[in-house]
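Single-letter residue listing:
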Amino acid sequence: GIQVEQSPPDLILQEGANSTLRCNFSDSVNNLQWFHQNPWGQLINLFYIPSGTKQNGRLSATTVATERYSLLYISSSQTTDSGVYFCAVDRGSTLGRLYFGRGTQLTVWP
Amino acid sequence: EAGVTQFPSHSVIEKGQTVTLRCDPISGHDNLYWYRRVMGKEIKFLLHFVKESKQDESGMPNNRFLAERTGGTYSTLKVQPAELEDSGVYFCASSQDLFLTGAGNTIYFGEGSWLTVV
Chain A
1 GIQVEQSPPD LILQEGANST LRCNFSDSVN NLQWFHQNPW GQLINLFYIP
51 SGTKQNGRLS ATTVATERYS LLYISSSQTT DSGVYFCAVD RGSTLGRLYF
101 GRGTQLTVWP
Chain B
1 EAGVTQFPSH SVIEKGQTVT LRCDPISGHD NLYWYRRVMG KEIKFLLHFV
51 KESKQDESGM PNNRFLAERT GGTYSTLKVQ PAELEDSGVY FCASSQDLFL
101 TGAGNTIYFG EGSWLTVV
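Note that the protein sequences, when read in sequence, are chains A and B. Numbering-wise (the working numbering), the first sequence opens with residue 1 and increments by one. Numbering-wise (the working numbering), the second sequence opens with residue 1 and increments by one.
Derived from the structure by calculation, the hints contain no laboratory data. Just so you know, these numbers come straight off a predicted model, no measurement behind them. None of the hints are false.
Computed, partial: chain A to chain B, Cβ under 8 Å: (1) ASN31; (2) GLN42; (3) LEU43; (4) TYR48; (5) PHE86; (6) GLY96; (7) ARG97; (8) PHE100.
Only some residues are given here: those of chain A computed to face chain B with a beta carbon under 7 Å: (9) GLY41; (10) ASN45; (11) ARG102.
Think about it this way: if two alpha-carbon atoms lie no more than 30 Å apart in a straight line, the pair counts; the simulated DSS-like pairs of lysine-lysine are: (12) B:LYS44 - A:LYS54; (13) A:LYS54 - B:LYS41; (14) B:LYS41 - B:LYS54.
Think of the CB as a built atom: it goes at the ideal place given N, C-alpha and C, for glycine as much as any other residue.
Produce the complete structure using the sequences and hints provided.
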């Protein structure tokens, strides 16, 4: 399967700070998604971003497919941003089968 | 539009018992997936339905796990008999049409069913 590595594994921030989460993957991909797992366990889809840049409020994401990485930017962090952020990809040969990274545990303190 | 819904949200059963998890995908989504996350590990793929057919079941851990999707609508995942190592969160997900470009490939997840085997 494809290897997905996320960094950092843990991140602790004060409210208002900015952060960058990184996702590296080992092969070309057909799909890349960023998810936020909130403290109640729900997986929320943040971005579908196999390439390019997208923004949604305080969050933005960039995927450089040729260099096999994606970045998730969180600006002006809020306590509600706390949780685990997952990057997941699928390969063209296995459509719909997502390979997940281990996630980045983000804690935002007031 | 309703999202992916899963039932039960939490289940505690004894080793050797049977548990059946249910998933209702987003209406109109032909693709339905099961994933799970056991403690300390990453989220892993179990299987993929296209309508009522199993497209890929290579992630199913063993024959104690049985997934069905009768009529191509909701799906069930049965674990029988349950073992301690089956504890974890079982996620269901769905997507519309994998051959569409753009956001049509987005896979949407449910809230998960937390299973504890004691």
